[in-house]
Amino acid sequence: MGGWLFDPAHWSGSTGIPVRLVEHLGYTLLTLLIAAVIAIPLGAFVGHTGKGGFVIVGLSNALRALPTTAVLILVVLWAGLGDFPVYVALVLLAIPPIMAGTYAGVRAVDPVTVDAARGVGMRESGVLLRVEIPNALPLIYGGFRGAALQVVATATIAAYTGAGGLGRLVFDGLALQEFGQMLAGAVLVALLAVLVDLGFAGLQRLTVSPGLRPAGTGGKR
Amino acid sequence: MTWILENWVRFWEVTEVHLRLSVVPVLIGFVLSIPLGWLASRSSTTRAILFPLANILFTIPSIALIVITPVLIGVKILDEINVIVPLVIYTVALMVRSVADALSAVPGNVTAAANAMGYRPLRRFLTVDFPLALPVTIAGLRVATVSNISMVSVGALVGLGGYGQLFTEGYQTDNTDKVLAGLIGTVVLAVLADGLLLLAGRLLTPWARAGR
Numbered sequence: 272m273g274g275w276l277f278d279p280a281h282w283s284g285s286t287g288i289p290v291r292l293v294e295h296l297g298y299t300l301l302t303l304l305i306a307a308v309i310a311i312p313l314g315a316f317v318g319h320t321g322k323g324g325f326v327i328v329g330l331s332n333a334l335r336a337l338p339t340t341a342v343l344i345l346v347v348l349w350a351g352l353g354d355f356p357v358y359v360a361l362v363l364l365a366i367p368p369i370m371a372g373t374y375a376g377v378r379a380v381d382p383v384t385v386d387a388a389r390g391v392g393m394r395e396s397g398v399l400l401r402v403e404i405p406n407a408l409p410l411i412y413g414g415f416r417g418a419a420l421q422v423v424a425t426a427t428i429a430a431y432t433g434a435g436g437l438g439r440l441v442f443d444g445l446a447l448q449e450f451g452q453m454l455a456g457a458v459l460v461a462l463l464a465v466l467v468d469l470g471f472a473g474l475q476r477l478t479v480s481p482g483l484r485p486a487g488t489g490g491k492r
Numbered sequence: 006m007t008w009i010l011e012n013w014v015r016f017w018e019v020t021e022v023h024l025r026l027s028v029v030p031v032l033i034g035f036v037l038s039i040p041l042g043w044l045a046s047r048s049s050t051t052r053a054i055l056f057p058l059a060n061i062l063f064t065i066p067s068i069a070l071i072v073i074t075p076v077l078i079g080v081k082i083l084d085e086i087n088v089i090v091p092l093v094i095y096t097v098a099l100m101v102r103s104v105a106d107a108l109s110a111v112p113g114n115v116t117a118a119a120n121a122m123g124y125r126p127l128r129r130f131l132t133v134d135f136p137l138a139l140p141v142t143i144a145g146l147r148v149a150t151v152s153n154i155s156m157v158s159v160g161a162l163v164g165l166g167g168y169g170q171l172f173t174e175g176y177q178t179d180n181t182d183k184v185l186a187g188l189i190g191t192v193v194l195a196v197l198a199d200g201l202l203l204l205a206g207r208l209l210t211p212w213a214r215a216g217r
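Keeping their order, the protein sequence lines are chains A and B.
Numbering-wise, the working numbering comes out as the position in the first sequence, counting from 1, plus 271.
Numbering-wise, the working numbering comes out as the position in the second sequence, counting from 1, plus 5.
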């Protein structure tokens with residue numbers, strides 16, 4: 272069953288497994304970057320001011336119900352084939368968990384801490400950037416890593432409209448009735464998801480203040 | 006919207022299939038996750054096995070699971086079971102944690118009081134622990150239901166039914182309205198199901214709002 276995966280012929284060339292892996296990782300990382308740039312400021316602002324929380328929660332839930340396949344196909348029909356529709360569909364998928372995590376994280380910062388920050392004379396921007404966001408980082412990472420898992424898994428669908436990534440193995444395997452190739456695609460996506468999550472877990476350890484680490488749990492969720 | 010009105014019979018047909026393919030796995034998955042979540046809430050060994058396993062299962066893309074299932078259980082690729090089995094897996098993976106967290110959060114003095122009143126384990130679970138765990142459990146159930154409703158569409162990429170058929174057919178015939186019709190159907194179904202569960206949760210746990 273693993274024959275396809277371990278055949279050296281499938282590990283080289285412009286349609287080889289390494290190329291597909293890099294494409295898949297590329298979709299994932301750029302999507303997460305765009306989504307974070309949109310979702311973190313929005314979530315942080317609403318969490319900081321406390322205004323419009325219900326809009327954020329409602330918007331997150333509505334976006335969650337949006338089928339990624341449909342968004343992908345719609346954008347392809349409107350804008351044509353290519354990587355652009357893939358990014359639109361995946362960014363819409365990644366925004367809700369990141370935004371919800373940021374909002375919840377900033378909201379959950381102890382009001383006493385925020386009060387103390389104001390008391391020592393910090394401006395509002397300092398309160399947000401140097402107190403609230405660093406304290407909210409564990410929950411922000413929680414939302415971000417959840418989004419990363421979903422994006423890695425769902426980027427597979429991009430291949431339906433002819434884009435690259437590991438989904439190519441699944442859809443090409445399906446078209447050729449090659450079970451080994453489909454299985455290889457599925458296994459590689461799952462592996463990549465685990466690796467990406469480990470990578471962000473490492474980043475989280477490096478960037479979150481040790482004082483915020485929950486005792487004994489290592490912060491794994 | 007005009008597509009829905011002009012093709013009402015077809016729209017209703019795919020709605021029925023979509024509803025069946027998303028509700029059946031939620032029900033099966035929910036029932037399975039109660040004993041599993043209970044086990045996980047009682048033993049840390051079970052938790053150490055179940056939670057990472059659930060995480061890994063969750064990372065397998067749905068399209069991959071849908072194409073692998075028929076080979077693993079020996080049915081045809083166009084069998085509805087190929088969507089149902091993966092969605093049951095996702096539901097259990099999501100719900101085990103909710104149920105376990107909810108049961109672990111039941112206050113110790115409440116269970117101790119029930120024990121002292123002579124409740125036997127099964128009766129205590131059914132009439133004390135589980136009802137108290139309902140709010141968190143239902144929150145998990147809502148997430149599982151909404152994500153299932155959205156995920157059923159993926160089955161259409163290999164030719165299965167539901168709103169996803171409108172996506173693939175719309176794609177092949179360059180018919181934006183048809184894709185939009187499926188999208189609207191999915192979102193409306195998800196919002197309705199979510200609202201229904203929210204309401205059911207409130208009716209089932211009247212004490213949660215008492216004294217507010």
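If you are wondering where the hints come from, they were derived from the structure by calculation, not from laboratory data.
Note that CB positions come from ideal geometry on N, CA and C, so glycine has one too.
Incorrect hints may appear among the rest.
Reference listing, derived: stretches of chain B covered by chain A, where coverage requires no fewer than 3 residues with Cβ under 8 Å from a Cβ of chain A [said to hold, decoys possible]: (1) 63-73; (2) 130-142; (3) 163-172; (4) 177-186.
Example chain A residues on the side facing chain B (calculated, C-beta under 10 Å, incomplete) [claimed, not checked]: (5) W282; (6) G284; (7) I288; (8) T339; (9) V423; (10) A426; (11) G435; (12) V460; (13) V465; (14) T478.
Evaluation of the provided hints:
1. 63-73: Answer holds; 10 residues pass the 8 Å Cβ test.
2. 130-142: Violated: only 0 residues of the stretch 130-142 of chain B have a Cβ under 8 Å from chain A.
3. 163-172: Held - the stretch 163-172 of chain B has 4 residues with a Cβ nearer than 8 Å to chain A, which meets the minimum of three.
4. 177-186: holds (count 4)
5. W282: 20 Å, violated
6. G284: With a closest approach of 23 Å, the G284 (chain A) hint is violated.
7. I288: Given a least distance of 15 Å, the restraint on I288 (chain A) is violated.
8. T339: At 8 Å from the nearest chain B Cβ, T339 (chain A) passes the 10 Å test, so the hint holds.
9. V423: For V423 (chain A), the interface hint holds, since the closest Cβ of chain B sits about 7 Å away, which is under 10 Å.
10. A426: 8 Å, holds
11. G435: Hint on G435 (chain A): violated, closest Cβ of chain B at ~15 Å, above 10 Å.
12. V460: 5 Å, holds
13. V465: 6 Å, holds
14. T478: With Cβ-Cβ at 22 Å, over 10 Å, it is violated.
The earlier numbered hints that this structure contradicts are 2, 5, 6, 7, 11 and 14.
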